[in-house]
Amino acid sequence: MEDTDTTATRSVRIGSEHGLHARPAKLFTQAVGGSGAKVTIAKGDGKPVNAASILAVIALGIDHGDEVTVSVDGDDAAAVLDRLVDLLLTDHDS
Amino acid sequence: MELNGTGIGEGIALGPVARMAEPLPEPVDRPTHLDAEREGQRATASLSVVAAELNRRGTQAGGAARDILEAQAMMAEDVTLADDITARLAEGKTAERAVFEAFAAFRDLLAGMGGYMGERAADLDDVSQRVIAHLLKLPAPGIPNPGHPFVLVARDLAPADTALLDLDQVLALITTDGGPTSHTAILAREKSIVAVVGAAGAATLADGDQVIVDAAADAVITSPTDEQLSAAKTRIDERAQRSQEPTGPGALFDGTAVPLLANLGSAAGAADALAAGAEGVGLFRTEFLFLDSQSAPTVREQQEQYTKLLTAFAGKKVVARVLDAGADKPLAFLNDAPEENPALGLRGIRSLRHSETILREQLTALAAADAATDADLWVMAPMVATVEEARYFTSLAKELGIRTAGVMVEVPATALLADRVLAVTDFASIGTNDLTQYTMAADRLLGTVANFQDPWHPAVLRLVAEVGAAGLAAGKPVGICGEAAADPLLAVVLVGLGATTLSMSPSALADVRASLARFTLDDARALAEVALAADGAAEAKAAAKSCAAERTAGRVPAPAT
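Here the protein sequences line up with chains A and B, keeping their order.
Using UniProt numbering, the letters of the first sequence correspond one by one to residues 1 to 94.
Using UniProt numbering, the letters of the second sequence correspond one by one to residues 1 to 561.
Calculated directly from the structure, the hints in this document are not laboratory data.
Glycine is no exception: its CB is placed at the ideal position from the N, C-alpha and C atoms.
Any given hint could be a false lead.
[As the list claims (entries may be wrong)] Computed beta-carbon distance windows for the label pairs:
#1 A:LYS47 - B:ARG360: 53 to 63 Å
#2 A:GLY65 - B:GLN60: 34 to 44 Å
#3 A:GLY65 - B:GLY536: 56 to 66 Å
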């Protein structure tokens, strides 16, 4: 049985004007790495990739306004997800 | 020993060599002698050393560079990449090859995506090269960072390399390839860096070698003697002294005035130009204000920008060039159709005539800015090829309130008919870069034909002489506003050929002023004569040099005023 305290999933639209390219991708994967949780990100209906991998994230080719789904598996999953989603909604290019 | 090349400017510098490493060859795909686990350890170790180095440089650089370098460090330690490398090692590949292939796979993926993602492909290439260099125990490619000031030796510098150059650390530049209009040469001129380009012999220099880089002598001296070192130090001190002396108007030894003007792209450079003693602006490149515009700027927007620059040069002459779109600098709102051969296409006055409203608006804005300030505004058209175009532009400019209208001479046809062109316009200004490219039929943006792009070529000089003679006969001014005017010795030759003013990057003014002061008008004409009589560019320069040495032997330079 799944423990609801350790997993969390949400879909959001990307805020950065140029999408999830170098700098926003770096900030996002750094935050994933710092959380200690296992995190995946998927674009649209695509296959989820390891969100701690900057190359995997950049290779998704996520543009401004694209919908992505973030899943967190670890302690305090809900709080980690909130922080990550915040990063995705922020326009880092402004 | 002396290595020969083409000196940029008159500077001299000395210091230890640091070489820019060549790009690494692709690692050969052969089975490893080690097992996959051992190769994996090698790869992991090099990846983490490179990541640490990139992070260290990021912290040191700060700002936007820090983000890029930290992102690169993360790429080196990326888990997906590590998995990919492990899979390739399991097939029996070497660490070098596995790293190369794994990076290349991601690189192709990103490059295929284009745009912002595509630009990250170059970042990946750079990380890949660094890791492979570390595995092979070779120096990392790119700009060296020995931790002390150095003389940079490279094949040639790409724009991306020069963007990373720490100018406080670079004493001088030496390239083995590249000519006087290469990117390296342009950078050197712009930033007043001592440089000798195209010195093929410099390929033998090693890191740490002490060299004297003598741009005035077109030479690099290796293993200098104590005597040579102390002579070089004296010249370095004298040059530093000279740049601090008060500047005066440009003039020859006999007092003949040769006004020295600045090439500027916006009002931002005005203060520096004035501090360097510019007596006005000989080429105000108006298009640089608008390169990012999707639509033509309004008359009011333009007028504001022009007024700003003209105000800074109150009481002085400012020669504005109307929008010169095309070839190397397309403007979204002027050039929309792609051309196979843009240097020979719809550019300069041709494209403006095609969109005459834009030309009319610009001339209106310029006339209004002139009326609102105390500067003496002249306006000229680029890429004029016929007498008819000269007549068209001059009468349109006058109709819209421009007091002095002229044409640029960049097309050989215009130089050859300069007498007839000058009969219908107020002045001529020779753009030596384009005039050279069109005379020699060599694309100035193409590295493989860079050796043709030399304004010392007697064919180019003969065209300048045509314009100079026509100007003298008609009593109309003939300016020079190309890179040629920034070459201190060529500047004297150009005056000998009939140029009445010289315009250049502000950083070149001091050297050109000092050079002019060493020669009389008779000397300048004698130099021009020997250069014209030469077979090629190198011979023309050598002939002018030896003629200059003969004529100034024993003469005391005029005191700076």
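Evaluation of the provided hints:
1. A:LYS47 - B:ARG360: 53 to 63 Å: This hint holds: roughly 58 Å between Cβ atoms.
2. A:GLY65 - B:GLN60: 34 to 44 Å: 36 Å Cβ-Cβ, so the 34 to 44 Å window holds.
3. A:GLY65 - B:GLY536: 56 to 66 Å: holds (60 Å)
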